[in-house]
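Asker: Residue numbers (our numbering), protein chains in the order written: chain R, 204 to 492; chain B, 791 to 1384.
By construction, these hints were calculated from the structure, which means they are not laboratory data. Heads up, some of the hints might be wrong.
Said to hold, decoys possible - Some chain B residues close to chain R (C-beta under 10 angstroms, calculated; not the full set):
#, residue
1, L896
2, M907
3, V908
4, Y918
5, Q922
Just so we're clear, the structure is a prediction, and the values are computed from it rather than from any experiment. The beta carbon of each residue, even a glycine, is placed where N, CA and C say it ideally should be.
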Amino acid sequence: MTQLLLFNVTNGLIIGAFYVLMALGLSLILNLSNVINFAHGGFLVIGGYIAYTITPYIGFWGALLLAPPLTAIIGLAVERVLIRPLYGRDPLYSLLLTFGLAFMIEDGTRFIWGPQGKPVTIPAFLAQPLSNDLFFITGYRLFMVAVVMVAVTLLFLLLRYTRLGIRIRAGTLDLDTVAALGINVQMLRSLNFAVGIFLAGLSGVLAAGQLGLEPTMGTGLLMPSFIAIIVGGIGSLPGTLVGGLLIGVASGLTAVFFPAASEAVIYVMMAVVLLLRPRGLFGEEGMMS
Amino acid sequence: MSAEQTRKLIALAAIWITLLLAPYWMVPLGGYTALATRVLVLGLAAMSLNFLLGFTGVLSFGHAAYFGLGAYGAGLTLKFLALSTPLALVAGMLLGGVCGAILGTLIVRRRGVYFAMVTIAFGQVFYYIAFQWSSLTGGDDGLRGFSRQPIDLGLFKLDILSDPNNFYYFVLFCFALAAGTMGFILRSPFGRTMIAIRENERRSRFLGIPVERHIWIAFTLSCFFMGFAGPLPLPGHPRGTAYLDRLYVVLLLHGVCRRALRTGQQFRRSERPALQPVRRLRHDGGDGRHAKLLGSAARRCRVRGAAGLSLQHHRQLDVVRRTAVRAGGAVFPAWIAWLHSAEQGMNVLEIKNVTKRFGNLVAVRDVSLDVAKGELCAIIGPNGAGKTTFFNLISGFFPPTSGAIAFDGRAITKLATHERVRLGMARTFQITEIFPELTVFENVRIAAEVAGGYRLRPWINRSESEQIHRNVEDTLKLVSLETKTDRLVGELAHGDQRAAEIAMALALKPHLLLLDEPTAGMGDQETYHITQLIRRLHRDSNYTIVLIEHDMRVVFHLADRICVLDQGRMLAQGTPQEIAANETVQAAYLGIAT
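All chains, please: the whole structure from these sequences, using the hints.
Answerer: Here it is, written out as structure tokens:
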């Protein structure tokens, strides 16, 4: 029993780490530009499919390095053409746009790569279970966690110490003042969007290695990320981090006792958080309300 | 009847005739009756959503869930409880509505983006439940093993099972019923409070509308309608949650386009873009100091050619106006009697040692103030002195860190804004808060209906309505807006907008009127008119008024007593003469070392 419990908690943490990667990108875009990117799951799928396409030529490691920036470039183009005209309007407009965009990406990938699931080959040594007696956890899962940790650390360093990061943080607090200080806000939004989509692309590559690829996989992974943001508190990146891990563990634990509810439990968590602390665990009072 | 009304009536009649005849023209055109039925069902779902989005201004992305719940409720009733279509419809509606009501309590605390996200998430919860609980719901295959039942009307049975035309007319009947109910609610005092919330949430709050509760009611009603629509396409699509997903974009576009159109007009009418960034900023900060900074810049471009008339020149006009006011004042006798009642010694407002901290910043420090009945007390002070924060403490925008506030002898320190308004406290804002897309009359009517206790009423009878009309007209006469009743407030000149805002406050029949910089951003002419208005309210109608003002001419012209705030402290208070002679005050204003 202890072993089962431990296994599920570890597994939950791993899944949670994955949600975190996705939710951080979503959160970045939401905080700065006030855009709920419903197409974030779509970009994840694009990242995965790009990895699938280029793996035969440059291998998994090459794809891991190349697919996220390629996704980010696509994201930049989308931002420039579709989303930019909607800044400054009610967030509803961009929400509707990305809502439609998610469907377009889903059908687009189905059109290009077909509706059947596609596998992405991962290096053989990562596919092995680490230990057969203790946990049945593959090396790939640990590798995922490592990548997430590196990415999150780099992201926080970027936000903390680089000029771009400081501007993004300032813009999150008050974009008008940042503009008044002579900073190109359009550029800032674009770069911020690209960083967010980069993270989505990275999640896509990682997810492809674990789950394989399907055009519809984006939506299923998007909802938990939203919940991670709500639980953690809108406007707080550390909150998103904690929120993602929490819902991962919660759904892992529920899988032990009541498997049917393992997906529903994260929504219950959200309800509890909203009831007891409407702004989320780390959210600032008055943010977004 | 105006031309526009006639056009509307004709369009409406055309739509209903088209719908009534649908089975007869659709089939020859290559359609089928079931398609027409589906159009109606989706139309009803869209109307339910628009009931919430279009009139309260909050967007729910999870409404498909209540549609699905309605369908499941009805299906399960038919399967396990009773073979009765009306019962199934009611059961579906109740399931959708009750679930909406329960979740609504969680959801309405949030607004905007957050609201949308939370509703999406809850929508997903229902999807998962329907999906996973396959023993009850049939899971992915949908609920099976039941069918529509003929409706027994006593005289004859309406066969809605096998005759698609009968079913179409049954659905059309339900559609008309729901549409009629919605129309009825939207034309009621409650419906007007919904519109008020959409137009300006803060103003609504300060008219005494408990905004969260009203949004909750609107949300719940909308869920009931959704739950009513859900069972109608039965059987076949019990999994409404998934079924509606993609149609959502269509439903929403309808609502959003309408809003966009309206907002566009509003922008053209009243040069609002200049003020937009200010409005946004003001919602971020508590004390509005940012807003003042930007607001004055934005307003500067609106100041019209000043006529250069001084206050002195127009004093004689006072006498003429005063007679007019008296005529208007006779309307709310009981309340006017209260205003004039003999207990002059009683304090309307008693503030004891209030302090307000924002983190390390002490915005208001240990300030006490008593305002006697019928007094006009002006609060002045340099920028950043804490005047607006002090006002916000009085009106309940936020609670004080310490200290106590009593109003009419009642402790109100912990009361919410709308509760204070109900006790008789009304305020206006530094940056005018109005319902720009409603007419002057409608603006004031909303206030009058709330004050009359009708805010939750889904109907209003003729005599009550006439009473409200009279009140509104008299209030408008009081502020000299009686010739502009049918103009949109957003179209009016700045001074008239201010007057309209004051009229809304007056329609609440307040015991205490709080005016935050009533002449801010006005030209000399407009300043003069507003000053005269306040003077009339004070001298002739005997209102108790507390106001913040920067224009010293106005302050010394109006005030019985002046309070000077500086760096959050009460520096001095006294008659205008005393204050003018006070050296500390001079030092604070001019920066002379004492």
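Asker: Does each hint hold? Answer for all of them.
Answerer: A quick look at each hint next to the structure:
no.: 1; hint: L896; result: holds (5 angstroms)
no.: 2; hint: M907; result: holds (6 angstroms)
no.: 3; hint: V908; result: holds (7 angstroms)
no.: 4; hint: Y918; result: holds (5 angstroms)
no.: 5; hint: Q922; result: holds (5 angstroms)
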